[in-house]
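Visitor: According to our numbering, the sequence shown is numbered sequentially starting from 299.
These aren't lab readings, by the way, just hints derived from the structure by calculation.
Since this is a predicted model, take the numbers as computed values, not measurements.
Don't take every hint at face value.
Below are the DMTMM-like pairs computed for lysine to aspartate or glutamate, each with C-alpha atoms no more than 25 Å apart in a straight line [as the list claims (entries may be wrong)]:
#1 Lys-427 x Glu-380
#2 Lys-357 x Glu-327
#3 Lys-427 x Asp-402
#4 Lys-427 x Glu-407
#5 Lys-427 x Asp-449
#6 Lys-427 x Asp-349
#7 Lys-427 x Glu-327
#8 Lys-357 x Asp-402
#9 Lys-427 x Asp-384
#10 Lys-427 x Glu-538
#11 Lys-357 x Glu-322
#12 Lys-357 x Asp-375
#13 Lys-357 x Glu-496
#14 Lys-427 x Asp-328
#15 Lys-427 x Asp-382
#16 Lys-427 x Asp-375
#17 Lys-357 x Glu-497
#18 Lys-427 x Glu-356
#19 Lys-357 x Asp-328
#20 Lys-427 x Glu-322
#21 Lys-357 x Glu-407
#22 Lys-357 x Glu-509
#23 Lys-357 x Asp-384
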Amino acid sequence: MIALLAAAGLLATPPACAPVDGVEALWREDLRFIAVGEMHGTVEAPAAFADLVCLALEKGPVTVALEYPAAMQPTFDAFMAEPDADAARAILLAYPYGPFRYHDGRGSEAMMAMFQRFRALHQAGADLKLLASVPDSPRVEGFTQSHAELDRAQLWSAAARATPERRMMIFVGSIHAGKARRVGSAIGLPAAAHFRPEEVLSLYVASDGGEAWNCRDECGPHAITSLGLGDRRGVVIAPEADGAFDGYLAVGPATASPPVSRP
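Using the sequences provided together with the hints, build the complete structure.
Guide: Given below as structure tokens:
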């Protein structure tokens, strides 16, 4: 049937992948998870992560774990199955809770564009699944964020064990993607630190200054500090001394991405 559809021109051509410098470092056979930690609210970070996913799909099936409530999984599935872009957008925006309602940078137009790119890849035949990976961790007095981080790690682990043939790529805020506890961190062990370091390759999204749309004292564009990578772009392997990150996903100057517009 697939051959007949292809011959009839009814299957879409997969969107072309943009080249990414240094991406070969991600294809190690011993890696179980590829984690990318970002500052929410930029144009460049979701686009760069989508480029990595596109290239990973050339190697085999991929599961993308995203920082959205686990209860959104049926919404994710319906979104990916919808062939029409406008209807798919409406599916995400109809969910009554979460980042597309209460914005912290994860409900940006750039994140919506990333979702739409994933949907287009899936619709074109790529073996791509989305995983809503923020569990509904109970808030219990005396229990810190470290327990919620453990819950996230368990969710990622369960998905990886259920389908070990799939590459797991994780896109979350940088505090969750570190492989070691930062000195003075209030969250304890980040989610990615609950696995053997050899199983995880974790990249920090490095911007060359610019702005991100997020909420601090107030919501809006806020300046980002440059990490000094200059003109470098793509995957830069440069392990940090404390072991938290294996390197950077260098994206250049950051542009703030505002919350999604609604009809």
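Visitor: Between Lys-357 and Glu-509, is the straight-line Cα distance small enough, at 25 Å or below?
Guide: violated, 34 Å
Visitor: Check the hint pairing Lys-357 with Asp-402 against an upper bound of 25 Å on the C-alpha distance.
Guide: violated, 33 Å
Visitor: Mind checking the alpha carbons of Lys-427 and Glu-322 for me, to see if they're no more than 25 Å apart?
Guide: Holds - the C-alpha atoms of Glu-322 and Lys-427 are around 22 Å apart, at most 25 Å.
Visitor: Given the proposed pairing of Lys-427 with Asp-349, does the C-alpha separation stay at or below 25 Å?
Guide: holds, 16 Å
Visitor: Does Glu-327 lie within 25 Å of Lys-427 when you go C-alpha to C-alpha?
Guide: holds, 20 Å
Visitor: Decide if the proposed pair is consistent with the structure: Lys-427 and Asp-382, CA atoms, cutoff 25 Å inclusive.
Guide: Judged against 25 Å, a Cα distance of about 18 Å means the pair holds.
Visitor: Does Asp-384 lie within 25 Å of Lys-427 when you go C-alpha to C-alpha?
Guide: With Cα atoms ~20 Å apart, Lys-427 and Asp-384 stay inside 25 Å; holds.
Visitor: Run the distance test for Lys-357 versus Asp-375: straight-line Cα separation, threshold 25 Å.
Guide: holds, 23 Å
Visitor: Can you confirm whether the C-alpha distance between Lys-427 and Asp-449 stays at or below 25 Å?
Guide: Within the cut-off at roughly 20 Å; holds.
Visitor: Is Lys-357 close enough to Asp-384, meaning Cα to Cα at most 25 Å?
Guide: violated, 30 Å
Visitor: Within 25 Å, alpha carbon to alpha carbon, are Lys-427 and Asp-328?
Guide: holds, 21 Å
Visitor: Below or equal to 25 Å on CA atoms is what counts here, so check Lys-427 against Glu-380.
Guide: holds, 14 Å
Violated hints, in rising order: 8, 10, 21, 22, 23; the structure is consistent with all others.
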